[in-house]
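Participant: Okay, here's what each chain looks like letter by letter:
2 protein chains.
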Amino acid sequence: MQNAESSAVLVAGWHRMGYRYINNNQSLMSKELENQIRKLHGMVGNAVTSGKYILFGAGSTQLLNAAVHALSLHHNASSPPTPVLASIPFYTLYKQQTDVFGSSNFKFEGDASLWMNNSDSNNTNLIEFVTSPNNPDGKLNKAVLQGPNAKAIYDRVYYWPHFTAIPASADEDIMLFSISKLTGHAGARFGWAVIKDETIYQRMTMYIGVNTMGVPREAQLRALKLINVVLQGRGREIFEFGYKTLSNRWENLSQTLSVSTRFSLQKIGDQYCRFFHKVRKPSPAYAWLRCEREEDKDCYAVLKAANIIGRRGGVFGAEDRYVRLSLLRSQDDFDLLLHRLNQLVLEEDKIKTMPIM
Amino acid sequence: MQNAESSAVLVAGWHRMGYRYINNNQSLMSKELENQIRKLHGMVGNAVTSGKYILFGAGSTQLLNAAVHALSLHHNASSPPTPVLASIPFYTLYKQQTDVFGSSNFKFEGDASLWMNNSDSNNTNLIEFVTSPNNPDGKLNKAVLQGPNAKAIYDRVYYWPHFTAIPASADEDIMLFSISKLTGHAGARFGWAVIKDETIYQRMTMYIGVNTMGVPREAQLRALKLINVVLQGRGREIFEFGYKTLSNRWENLSQTLSVSTRFSLQKIGDQYCRFFHKVRKPSPAYAWLRCEREEDKDCYAVLKAANIIGRRGGVFGAEDRYVRLSLLRSQDDFDLLLHRLNQLVLEEDKIKTMPIM
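Heads up: the sequence lines are chains G and E, in that order.
Sequential numbering from 3 applies to the first sequence in my numbering.
Sequential numbering from 3 applies to the second sequence in my numbering.
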């Protein structure tokens with residue numbers, strides 16, 4: 003039996019587990035999964051996919067750079083690399099990737115707003131990462147650079163009803179999503195891009211092909227099963243659970259910090275959501291905490307001293323007066339975070355009410 | 003029930019399916035899989051892993067570029083990019099990747115042998131891809147460039163007993179393997195590097211992290227199950243089946259072409275194999291066919307006219323007088339290939355014996 007299994011593995015491998023899906027035009031992608039992704043966006047109403055291409059990648063991670071590659075490809079070899087920009091605070095990987103890959107075609111140049119009135123911006127292509135909702139502060143960002151040479155990559159991984167109101171179906175030229183932020187299965191490394199332009203789609207496909215020869219079938223199968231679970235419940239239950247959990251956490255956190263003069267949170271308003279058909283409260287994935295005291299320039303260190311581990315503002319291109327706290331951990335982790343923050347806030351009062359020596 | 007499933011998915015995702023293995027020091031890699039890979043190499047005797055690092059990637063594909071990145075990283079920005087070289091014929095992806103990624107740190111420069119006496123080679127770092135057994139011709143290549151500045155990346159994906167004799171346990175500084183060539187499960191996109199130097203390991207780890215944040219857990223689980231099947235039978239059955247199949251195919255092909263003056267095959271000799279403990283016949287993954295007639299400069303076209311689809315020599319940096327034929331397809335495909343080649347060879351005789359008009 004064991005012997006039979008062993009050669010059966012090899013036969014199965016050679017015949018049926020090759021690089022390509024024989025029932026989908028030798029594509030590296032499952033057609034069924036693509037169809038379910040389109041259905042999902044239609045049901046949630048968070049993205050227009052009709053008439054657009056869908057491309058799978060290793061999380062949004064790989065697709066970020068595939069998009070930068072595609073938008074900078076026909077760059078003239080003699081001119082400087084295409085600037086890659088983002089609004090501060092921005093997701094740290096945008097900078098890390100462009101730095102590590104060291105391409106001669108593009109270069110991370112930081113704050114997009116500094117390029118709004120740049121005289122070059124009419125001649126040179128500009129690539130802008132727009133994260134909406136933004137990591138770390140949850141804001142529904144829009145591109146700040148306009149004009150025919152400004153190309154935006156919309157990182158839409160948090161644009162699901164557990165993290166934000168869905169005011170409209172997003173319809174940008176390049177939009178990125180991931181299973182990590184939809185169901186939490188970050189370890190499956192599965193993401194997808196929704197792409198309007200055929201040439202950009204083909205360049206990104208080429209990049210993914212040469213980089214990893216597509217996405218593992220096992221990850222595609224896992225994503226299919228997960229998306230089918232979401233679709234079966236018409237999404238209501240998973241998004242309601244997620245929204246309830248995260249909006250409760252946000253409310254508790256806001257209450258805890260409402261009496262503090264030392265720490266402040268980003269402002270997010272209530273907004274009408276077309277998925278829930280009602281006005282809903284904030285439920286961001288992260289808190290973007292600011293240390294308000296002049297001397298608390300290193301907010302990360304202030305929190306760390308109280309055993310609270312965040313991510314320092316500098317990582318997001320911002321001042322270290324800011325820290326990102328994740329609200330996506332387990333309930334135990336969140337309760338501990340709240341408890342420790344509460345202790346810190348209580349100490350503020352102690353100091354205030356202490357008699358002057 | 004459906005509702006419960008739906009929120010259970012999200013809870014499971016948040017708590018247990020994150021990026022990292024909590025039982026392996028928050029690594030992106032499964033420790034159990036790493037251990038089984040070491041056991042596998044020990045059992046087969048094809049690679050020394052003791053005292054070396056193991057890194058997972060998306061097939062060997064992603065690891066190829068991770069290695070180039072690591073070896074070219076501390077390149078001085080003002081000097082020219084590090085040359086990436088290979089012996090002809092070489093696997094086409096080496097060139098494609100370096101071209102597509104357009105890095106300012108490295109550049110594909112083709113034939114390694116042209117750099118053997120290059121005066122620069124003592125000053126400049128050189129990166130040489132060594133595929134052993136070679137794709138396309140199955141030869142057990144060794145690095146042609148020597149000296150302190152010559153860095154070799156050994157692509158060892160075909161170094162298993164179904165494709166070649168194992169004369170010794172490979173012990174190079176960077177060696178790449180993949181599940182695709184071990185069990186045929188190319189669609190799982192799982193490969194691993196065996197790396198001697200800690201700095202190179204760390205740079206490659208950084209590259210994989212920033213590129214895709216590791217390899218999907220689903221692909222790691224699949225690889226673990228497959229390797230366990232191979233280990234259970236102590237490898238004998240799967241490798242014997244593979245060797246028998248491929249050596250039979252090679253023998254049939256050789257016989258068919260032995261009467262041809264139009265087509266020739268690469269020469270591969272019998273060799274002692276330390277896995278099978280005996281001298282064994284050739285069993286390569288590919289045939290590297292040469293069209294011998296002066297006028298058959300486009301061998302691909304000659305074969306295509308007879309409905310035989312190969313890959314043209316130019317793709318491997320060689321003359322188009324060569325074509326690579328895959329011997330890894332299903333038995334039906336191989337039988338058809340043999341039949342059509344036989345027809346072509348029979349036509350040679352017809353032409354020879356035709357009366358001159």
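Take the hints with a grain of salt, since some may be wrong.
A pair counts as met if it fits within one copy or between any two copies, since identical chains are not told apart.
Simulated pairs of lysine-lysine, DSSO-like, Cα-Cα distance not exceeding 30 Å [claimed, not checked]:
1) 227 - 33
2) 141 - 33
3) 246 - 299
4) 283 - 33
5) 109 - 280
6) 97 - 109
7) 306 - 41
8) 198 - 144
9) 306 - 144
10) 246 - 198
11) 227 - 306
12) 198 - 227
13) 198 - 33
14) 280 - 306
15) 109 - 41
16) 280 - 33
17) 33 - 246
18) 299 - 227
19) 227 - 41
20) 97 - 41
Please keep in mind that the hints were generated in silico from the structure rather than gathered at the bench.
Participant: Taking the hints in turn, state whether each one holds.
Facilitator: Hints versus structure:
When the C-alpha separation of residue 227 and residue 33 is checked against a cutoff of 30 Å, the pair qualifies both within a copy, at 14 Å, and between copies, at 26 Å. Taking the shortest Cα distances, residue 141 and residue 33 never come within 30 Å of each other, neither inside one copy (33 Å) nor across copies (39 Å). Taking the shortest alpha-carbon separations for residue 246 and residue 299, neither the intra-copy value of 34 Å nor the inter-copy value of 70 Å comes in at or below 30 Å. Taking the closest pair of Cα atoms, residue 283 and residue 33 never come within 30 Å of each other, the shortest separation being 37 Å inside a single copy and 42 Å across copies.
Proximity of residue 109 and residue 280 under a CA criterion of 30 Å is satisfied in neither setting, with 42 Å inside one chain copy and 56 Å between copies. With identical chains, the CA atoms of residue 97 and residue 109 are at most 30 Å apart both within one copy (9 Å) and between copies (23 Å). For a Cα distance limit of 30 Å, the shortest separation of residue 306 from residue 41 qualifies neither inside one copy, at 44 Å, nor across copies, at 42 Å. In this assembly of identical chains, the alpha carbons of residue 198 and residue 144 lie at most 30 Å apart only when taken from the same copy (18 Å versus 47 Å across copies).
Neither within a single protomer nor between protomers do residue 306 and residue 144 lie at most 30 Å apart by alpha-carbon distance, with minima of 33 Å and 52 Å respectively. Within a single copy, residue 246 and residue 198 get their C-alpha atoms no closer than 34 Å, and across copies no closer than 50 Å, so neither meets the 30 Å cut-off. Taking identical chains as interchangeable, the C-alpha atoms of residue 227 and residue 306 are never at most 30 Å apart, the minima being 40 Å within one chain and 42 Å between chains. Within a single copy, residue 198 and residue 227 get their C-alpha atoms as close as 26 Å, which meets the 30 Å cut-off; across copies the closest is 40 Å, which misses it.
Proximity of residue 198 to residue 33 under the C-alpha cut-off of 30 Å is restricted to the intra-copy arrangement: shortest distance 18 Å within a copy versus 41 Å between copies. Taking CA atoms no more than 30 Å apart as the test, residue 280 paired with residue 306 passes in neither setting, with 39 Å inside one copy and 63 Å between copies. Taking CA atoms no more than 30 Å apart as the test, residue 109 paired with residue 41 passes in neither setting, with 36 Å inside one copy and 43 Å between copies. When the C-alpha separation of residue 280 and residue 33 is checked against a cutoff of 30 Å, the pair qualifies neither within a copy, at 34 Å, nor between copies, at 47 Å.
In this assembly of identical chains, residue 33 and residue 246 lie within 30 Å of each other by CA distance neither inside one copy nor across copies; the values are 34 Å within and 36 Å between. In this homomeric assembly, residue 299 and residue 227 never come within 30 Å of each other (Cα to Cα): the closest approach is 46 Å inside a single copy and 51 Å across copies. For the identical chains of this complex, residue 227 and residue 41 are intra-copy neighbours only, at 14 Å inside a copy versus 33 Å across copies, given an alpha-carbon limit of 30 Å. Taking identical chains as interchangeable, the C-alpha atoms of residue 97 and residue 41 are never at most 30 Å apart, the minima being 33 Å within one chain and 39 Å between chains.
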